[in-house]
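Asks: If you want the building blocks of each chain, they are given just below.
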Amino acid sequence: DQQVKQNSPSLSVQEGRISILNCDYTNSMFDYFLWYKKYPAEGPTFLISISSIKDKNEDGRFTVFLNKSAKHLSLHIVPSQPGDSAVYFCAATRGSSNTGKLIFGQGTTLQVKP
Amino acid sequence: DAGITQSPRHKVTETGTPVTLRCHQTENHRYMYWYRQDPGHGLRLIHYSYGVKDTDKGEVSDGYSVSRSKTEDFLLTLESATSSQTSVYFCAISEEGQYTEAFFGQGTRLTVV
Chain A
994 DQQVKQNSPS
1004 LSVQEGRISI
1014 LNCDYTNSMF
1024 DYFLWYKKYP
1034 AEGPTFLISI
1044 SSIKDKNEDG
1054 RFTVFLNKSA
1064 KHLSLHIVPS
1074 QPGDSAVYFC
1084 AATRGSSNTG
1094 KLIFGQGTTL
1104 QVKP
Chain B
48 DAGITQSPRH
58 KVTETGTPVT
68 LRCHQTENHR
78 YMYWYRQDPG
88 HGLRLIHYSY
98 GVKDTDKGEV
108 SDGYSVSRSK
118 TEDFLLTLES
128 ATSSQTSVYF
138 CAISEEGQYT
148 EAFFGQGTRL
158 TVV
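One line per chain: the protein sequences are A and B, in this order.
Position in the first sequence (first residue = 1) + 993 = this note's numbering.
Position in the second sequence (first residue = 1) + 47 = this note's numbering.
By construction, these hints were calculated from the structure, which means they are not laboratory data.
Don't take every hint at face value.
With a Cα cut of at most 35 angstroms, we get these calculated DSBU-like pairs of lysine-lysine [stated by the list, open to error]:
id: 1; chain 1: A; residue 1: LYS1094; chain 2: A; residue 2: LYS1047
id: 2; chain 1: A; residue 1: LYS1049; chain 2: B; residue 2: LYS58
id: 3; chain 1: A; residue 1: LYS1030; chain 2: B; residue 2: LYS104
id: 4; chain 1: B; residue 1: LYS104; chain 2: A; residue 2: LYS1047
id: 5; chain 1: A; residue 1: LYS998; chain 2: B; residue 2: LYS104
id: 6; chain 1: A; residue 1: LYS1030; chain 2: B; residue 2: LYS100
id: 7; chain 1: A; residue 1: LYS1106; chain 2: A; residue 2: LYS1049
id: 8; chain 1: B; residue 1: LYS58; chain 2: A; residue 2: LYS1094
id: 9; chain 1: B; residue 1: LYS104; chain 2: A; residue 2: LYS1064
id: 10; chain 1: A; residue 1: LYS1030; chain 2: B; residue 2: LYS58
id: 11; chain 1: A; residue 1: LYS1030; chain 2: A; residue 2: LYS1061
Remember, predicted model here, so these are calculated numbers, not experimental data.
Starting from the given sequences, assemble the full structure and let the hints guide the process.
Replies: Below, the structure written as structure tokens:
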């Protein structure tokens, strides 16, 4: 049973436009959500996170939105750049402790075309 | 970059042989993790450690064991490698505290033939 799902395996956008990556979860106990970016042959790198007490968190071009009632989060990248082309994983956990014990989605491959 | 070193980076081994992967950190973080990444599954937790000699199972622990004799080192052992254990293995660390992020190593690509 997949507790965290990214239903779009891939996404292609034009440079300068907005990229929106989506993630759904089923476990109501999750209260901390993270996005990781992964380039080929490298480890995942932390991008941005949000706790369940917020519905939005921004960091430069990256914004994460959380809709707790729908158990849905999304990552917005504005404007998208070719260097953003990578696999993006959303992950969920309980934020009270041991926050590296993560449940990951399957990943979405983002391609940003020049 | 977080100070995490995984070794080896690549390994090819034969079915039935034992294999040990090493993760070394220089951050003095309390928690360490082993994940595997497979197509269609994202990353899945194998085992984790919450201190020296303190370990617990994750989501996909069958066929794997771990040990942590020092804060900085976390070893993953495949007692008798199988083809289903062909994967990319990532070590991660996180510090004690609430709502902190985990940092990942560069990964070890293991092929069991």
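Asks: Just to be careful, I want the Cα atoms of LYS1030 of chain A and LYS100 of chain B compared with a cutoff of 35 angstroms; is the pair within it?
Replies: Holds, at roughly 31 angstroms.
Asks: Holds or violated: LYS104 of chain B and LYS1047 of chain A, Cα atoms, limit 35 angstroms.
Replies: 31 angstroms, holds
Asks: Between LYS1049 of chain A and LYS58 of chain B, does the CA-CA distance stay at or below 35 angstroms?
Replies: 42 angstroms, violated
Asks: LYS1106 of chain A and LYS1049 of chain A were given as a pair; does the straight-line alpha-carbon distance stay at or below 35 angstroms?
Replies: Satisfied, since the Cα-Cα distance of roughly 27 angstroms is no more than 35 angstroms.
Asks: Holds or violated: LYS1094 of chain A and LYS1047 of chain A, Cα atoms, limit 35 angstroms.
Replies: Holds, at about 21 angstroms.
Asks: Hinted pair, alpha-carbon criterion (35 angstroms max): LYS104 of chain B, LYS1064 of chain A. Please report holds or violated.
Replies: Since the Cα atoms of LYS104 of chain B and LYS1064 of chain A sit roughly 27 angstroms apart, the hinted pair holds (cutoff 35 angstroms).
Asks: Please work out if LYS1030 of chain A and LYS58 of chain B have their alpha carbons no farther apart than 35 angstroms.
Replies: Holds - the C-alpha atoms of LYS58 of chain B and LYS1030 of chain A are around 25 angstroms apart, at most 35 angstroms.
Asks: Taking only the CA atoms, is the gap from LYS1030 of chain A to LYS104 of chain B under or equal to 35 angstroms?
Replies: Holds, at about 26 angstroms.
Asks: Are the Cα positions of LYS58 of chain B and LYS1094 of chain A separated by 35 angstroms at most?
Replies: Distance of about 26 angstroms is within 35 angstroms: holds.
Asks: Are the Cα positions of LYS998 of chain A and LYS104 of chain B separated by 35 angstroms at most?
Replies: 22 angstroms, holds
Asks: Please work out if LYS1030 of chain A and LYS1061 of chain A have their alpha carbons no farther apart than 35 angstroms.
Replies: 23 angstroms, holds
Checked against the numbered hints listed earlier, the structure breaks hint 2 alone; every other hint is satisfied.
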